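Student: Position chain P relative to chain S; hints supplied.
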Amino acid sequence: MSKPSVRDTLLTMLGITALIVYVLACRPSFSPDGTKVIFPTRNSKSKEASVVLYDLKKKTLQTIFAMSKMSKTDDVGFAVQWLPDGKQVLVNGVSFVAILPLGSSNPTRIIPLEEKLDAGMLQLTPPVIGKYQFIPSKTSVEVKNEKGETVSTEEPVVLRVNLETMEVQSFPNGIEGSFLAKGNQLYYIAQAKIGEDDAYELGRLDPEKLTRTPLLQLKEKDCGEPSGFMTLNSTGNRIALTAKLEHAQRILLIRGNALEKTIPVAEKDIKIQLGNAEWSLDEKTMFVAFAKDLDKDSLWQYGVLEVPLDGGNVREIPLFTGKEGNNGGLVLFQIALSADGRRIAATSACLGADNGIKPEDNALYLIDLSSTKRNVTRIAIPMPPASESAAEKK
Amino acid sequence: MTAFMHKIFGLICAQNPAHTWAPGGELLPVCQRCTGLYVGAALAVLLLFWLRPPTDTRYRWLHVILVLLMTPFGFHLVPHGAVLRTMSGHWFGFGVVGLLWLLPETMISAKTGRPAPSLRLYLLMGAASIFLLPLFSIWGGSFAAPIISWLALAGMAAVSGLLVGNVIMFVFSILAWLRRLAVSPIS
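Quick note, the sequences are listed as chains S and P, same order.
Take 1 as the starting number for the first sequence in the working numbering and just add one per residue.
Take 1001 as the starting number for the second sequence in the working numbering and just add one per residue.
The hints are simulated quantities; they were obtained by calculation from the structure and are not laboratory data.
This structure is a prediction, so every number in the text was calculated from the model and none was measured.
Honestly, I wouldn't trust all of these hints.
[What the hints assert, rightly or not] Residues of chain P placed beyond 12 Å of chain S at every Cβ, according to the derived structure:
#1 1046
#2 1097
#3 1150
[Unchecked claim] With a straight-line Cα cutoff of 25 Å, these simulated SDA-like cross-link-like pairs (lysine to any residue) come out:
#4 284(S) <-> 1084(P)
#5 209(S) <-> 1141(P)
#6 1007(P) <-> 370(S)
#7 131(S) <-> 1075(P)
#8 87(S) <-> 1072(P)
#9 209(S) <-> 1084(P)
#10 87(S) <-> 1141(P)
All C-beta atoms, glycine included, are put in the ideal place defined by N, C-alpha and C.
Isolated chain S (complex conformation) (with noise of 0.2 Å):
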């Protein structure tokens, strides 16, 4: 064996030490999302909202961006996300896009929409790939009835919101629903005919040429109709989304094309409604947000519920109660999985008292998924009056 030469040595601590510093500037830190929590909150009564970050490390609650109503017929509420960058909180209201740059050297940035969105364009957060977020919408065109008379009529489009340059193109497509992305995928599931069955369509859509690829078509009178939530698994490659066939809640696995798995959620004497789902990044079990009739003084109860997706029993990890509200208020009742599967973020704060929710239940709820008994810790959030006005509150 030959010995090795000094100049063959140095060369190899190059290659070790770029080597080092390649894997510390690509490893994971920990960004936001891990130590962070942003979620909206909502005045029904003064049509009031805002967004507040909670700091998990320094346990503070901070409101970064609020706004008061356009006007009464307003109804103001907020889908917020971080960008993929961590240091940005992207705001989605129903006129307007807003970049906060909270960990970042940019401006706030905002962006308005030509046309307003219905406030239900808004129940699942807006995706972004890349330097685009997708929003469905919808436009006014003219178009001849029957009798040859132009009547207006509304067009479902795919707003793609530039968010370097902040320009925004619209693109008529079709999709009457709401879209999803993971990594540089885009999903849909929108409404759809097969022959006179009611259905719906999971596809692909193309994010830069905005062309559809259905993937599954399912029909409601076999899969049952969905409550609109839907989620990606961690690889992209499963979806799972909630539904309800015949009074019974069930979540429905889609692998590839094809519908995977049923898993019943509840018995259908059961009055129970499903929200969003999020997977737990072994894909063993779904968390899905829920409302349940207490069957007295018009009480339900909100919380998480852990489904293992083996079929083993449900598990609920029961939050705050509160009245029934639209879609027994589980648009505005979303939970949020850590980025680490760890634990799970929900508020009540967008219910509000106009959901029957009491001012001591108003809080961030953080379910610890690494204990046993799930333990949930409450961040109490100052309920505001319930009055008409900001000028009235203090």
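Tutor: Below, chain P without anything else, positioned relative to chain S:
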């Protein structure tokens, strides 16, 4: 297995979904740059074992340049997209493996009696793979996802093996040097 790979690579890769290939709709367990790095490393090790290019001055310069060429891309000094992200990771992987190969190559006897192939064939195959990998990631479909994932895992294992081997050789060299110091007479 997929979940296991995501977990393993999660220790060394940020797995930013916005910067991750998804052939056939399935997200790879590593970002685009790391895909290039680890697949490049796997291919580099294969080519080095098979072709055994001479580790002469040209070889050394080539791999130093491949490593240093990562600097403008790795530190985001130049704007670049997904394809260049993967390509830069790929040639960086080749560079690192080429340098980590030096000590094992000098320590192991290469006298097999077989004439060493030229560096040219090694270069040609390496260059071809730099272009083929991003194309495969984009157009390979669902067929590509498991192949790339396994290659990346093999590359990570290969890099880890080379690192461990080099560290062991360093330790032995230091021990040998200390032994020589201990037995040499004090003058």
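Student: Take the hints in turn and mark each one as holding or not.
Tutor: Now the hints, each set against the structure:
Even its closest Cβ contact with chain S, about 18 Å, leaves residue 1046(P) beyond 12 Å, as expected for a residue assigned away from the interface. At the 12 Å boundary, the C-beta of residue 1097(P) falls inside the reach of chain S, the nearest C-beta of that chain being 8 Å off. Look at residue 1150(P): its CB is around 15 Å from the nearest CB on chain S, clear of 12 Å, so calling it non-interface holds up. For the hint linking residue 284(S) to residue 1084(P), the alpha-carbon distance of about 36 Å lies beyond 25 Å, and the restraint is violated.
A distance of roughly 18 Å separates the Cα atoms of residue 209(S) and residue 1141(P); the hinted pair therefore holds under the 25 Å criterion. Using a Cα cut-off of 25 Å, the hinted pair residue 1007(P) and residue 370(S) holds, with the two alpha carbons roughly 17 Å apart. Annotation: proposed proximity of residue 131(S) to residue 1075(P) holds, straight-line Cα distance about 20 Å (limit 25 Å). Distance check on the hinted pair: residue 87(S) and residue 1072(P) sit about 23 Å apart at the alpha-carbon level, within 25 Å; holds.
Distance check on the hinted pair: residue 209(S) and residue 1084(P) sit about 22 Å apart at the alpha-carbon level, within 25 Å; holds. With a C-alpha separation of about 33 Å, the suggested pair residue 87(S) and residue 1141(P) falls outside the 25 Å cut-off, and the hint is violated.
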